[in-house]
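Chains as they are written, first to last, in the working numbering: chain F, 1 to 226; chain H, 227 to 286.
You may find that some hints are simply not true.
Unchecked claim - To give a feel for the contact side, a few chain F residues facing chain H, derived at Cβ under 8 Å: (1) Trp37; (2) Gly73; (3) Leu79.
Claimed, not checked - Capping the alpha-carbon separation at 25 Å, the derived lysine to any residue pairs in SDA-like fashion look like this: (4) Lys192(F) / Val265(H); (5) Lys24(F) / Ala60(F); (6) Lys98(F) / Val40(F); (7) Lys98(F) / Ser83(F); (8) Lys24(F) / Leu12(F); (9) Lys146(F) / Leu272(H); (10) Lys192(F) / Ala35(F); (11) Lys98(F) / Gly243(H); (12) Lys146(F) / Val237(H); (13) Lys146(F) / Phe276(H); (14) Lys24(F) / Thr163(F); (15) Lys24(F) / Thr267(H); (16) Lys98(F) / Val273(H); (17) Lys146(F) / Val265(H); (18) Lys98(F) / Leu26(F); (19) Lys24(F) / Asp3(F); (20) Lys24(F) / Val43(F); (21) Lys98(F) / Leu258(H); (22) Lys98(F) / Ala235(H); (23) Lys192(F) / Asn257(H); (24) Lys24(F) / Val189(F); (25) Lys98(F) / Leu242(H); (26) Lys98(F) / Phe268(H); (27) Lys146(F) / Thr163(F); (28) Lys146(F) / Gln252(H); (29) Lys192(F) / Phe276(H); (30) Lys24(F) / Arg14(F); (31) Lys98(F) / Leu272(H); (32) Lys24(F) / Ala35(F); (33) Lys192(F) / Tyr39(F); (34) Lys98(F) / Gly278(H); (35) Lys192(F) / Thr182(F); (36) Lys192(F) / Leu173(F); (37) Lys98(F) / Gln252(H); (38) Lys98(F) / Ala271(H); (39) Lys98(F) / Val265(H); (40) Lys192(F) / Leu181(F).
The set of hints was computed from the structure by calculation and includes no laboratory data. Note that the Cβ used here is the ideal one computed from N, Cα and C, for glycine as well.
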Amino acid sequence: MSDVERQWTTRLRRRAVAALPPDKLLPDTQPSYVASWIYVFGVTTMSALAVVIASGCLLALRGPQWWHTSSVGHFVNSLHLWSVEIFFFAMVVHLWGKYFMAAWRGGRSLTWVTGVVTFLTSVGAAFTGYVSQTNFDSQWISTQAKDGINATGAGAYFNVLNTGQMLMWHIVLLPLAAVLLTAIHVLLVRVKGVVPPFDERAGAPAVTNHDANDANDTNDEKVVDA
Amino acid sequence: MSFGNVVGALVPLNTLGRYVHWHFIQISVANLIVIALMVLTFVVALVAPFPGRRRRRENR
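Please take these sequences and the hints and turn them into a complete structure.
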């Protein structure tokens, strides 16, 4: 083995490309069973997350006085709230869909687990957002929450009455974790593929659109545009 | 009158929240409506035809 082949960068690149070749990372087509509304809620969740992050960056740029007093600030603040509402709405429907599909089948357990952990992380991000509003609502929520958090023993490290600490959790740690976990979740979906319905032949190879047009009606393992 | 004022006139937003209380379950009407909408969306997503699906089948 040459020096170049022994480099960790070379070995890492080869392992990454073997696990996730470019056509699998960004596929042109998807299996025919993906042509259903129940499959759109994952990407809806990610689209909402993009708006959450973008509107959150705008709020971070201008600060609380801006989002409390100016009309544009109110608008961006509302955009942040409603994108979070859509994020959770779509994520819950996505979760129900995947639960009833038993989406952990076919070696997809880690995909399921990363989804669950992302959901729990997002709940934490939403909660720290509520106590970071810097208004009477956030004061009320934090004073209501403190006893519950203290009862768990976590209050020594996670003090909901500490606005600065909650804000840092909300705008640094939890968004980082949520975005990182989402990226891992999507990569795992790319590696293992979208879980097929129960009556589909699991692991059937995808074919091209050209092949799909030429195939007979009995073969249902066809593709749709990605 | 702004759009916000019109909506505010239709839906009173400056009152105490309404709650549904059934045995040990207590939930605000707003949250109950959101859950109902999620269930409705889930059912519609299962049964509603997806655009282009029939065309793709006919092309085979």
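Legend entry - Pairwise hint evaluation, Val40(F) against Lys98(F), where the allowed Cα distance is 25 Å at most: holds, 12 Å
Inset, instruction - Would you mind confirming whether the straight-line C-alpha gap from Lys98(F) to Ala235(H) stays at or under 25 Å? - result: At roughly 40 Å apart (the allowed maximum being 25 Å), Ala235(H) and Lys98(F) break the hint.
Legend entry - Restraint status (C-alpha distance of Lys98(F) to Phe268(H) at most 25 Å): Distance of about 11 Å is within 25 Å: holds.
Legend entry - Restraint outcome when Trp37(F) is required to lie within 8 Å of chain H by C-beta distance: Since the shortest Cβ distance to chain H is 4 Å, the answer is holds.
Inset, instruction - Starting from Lys24(F), check that the Cα of Val189(F) is at most 25 Å away, please. - result: The given pair, whose Cα atoms are some 10 Å apart, holds under the 25 Å limit.
Legend entry - Pair hint Lys98(F) and Val273(H), alpha-carbon separation not exceeding 25 Å: holds, 16 Å
Legend entry - Straight-line alpha-carbon gap Lys146(F) to Val237(H), limit 25 Å: The hint is violated at about 32 Å.
Legend entry - Pairwise hint evaluation, Gln252(H) against Lys146(F), where the allowed Cα distance is 25 Å at most: Distance of about 21 Å is within 25 Å: holds.
Inset, instruction - Assess, step by step, whether the Cα of Lys24(F) is no farther than 25 Å from the Cα of Ala60(F), and give holds or violated. - result: violated, 36 Å
Inset, instruction - Would you mind confirming whether the straight-line C-alpha gap from Lys146(F) to Thr163(F) stays at or under 25 Å? - result: Satisfied, since the Cα-Cα distance of roughly 12 Å is no more than 25 Å.
Inset, instruction - Would you check the hint for Lys24(F) and Arg14(F), treating anything up to 25 Å between C-alpha atoms as holding? - result: It holds: about 15 Å lies between the C-alpha atoms, which stays within 25 Å.
Inset, instruction - Take a quick look at whether Lys98(F) and Leu242(H) sit within 25 Å of each other, Cα to Cα. - result: violated, 37 Å
Violated hints, in rising order: 2, 3, 4, 5, 9, 11, 12, 13, 14, 15, 17, 19, 22, 23, 25, 36 and 37; the structure is consistent with all others.
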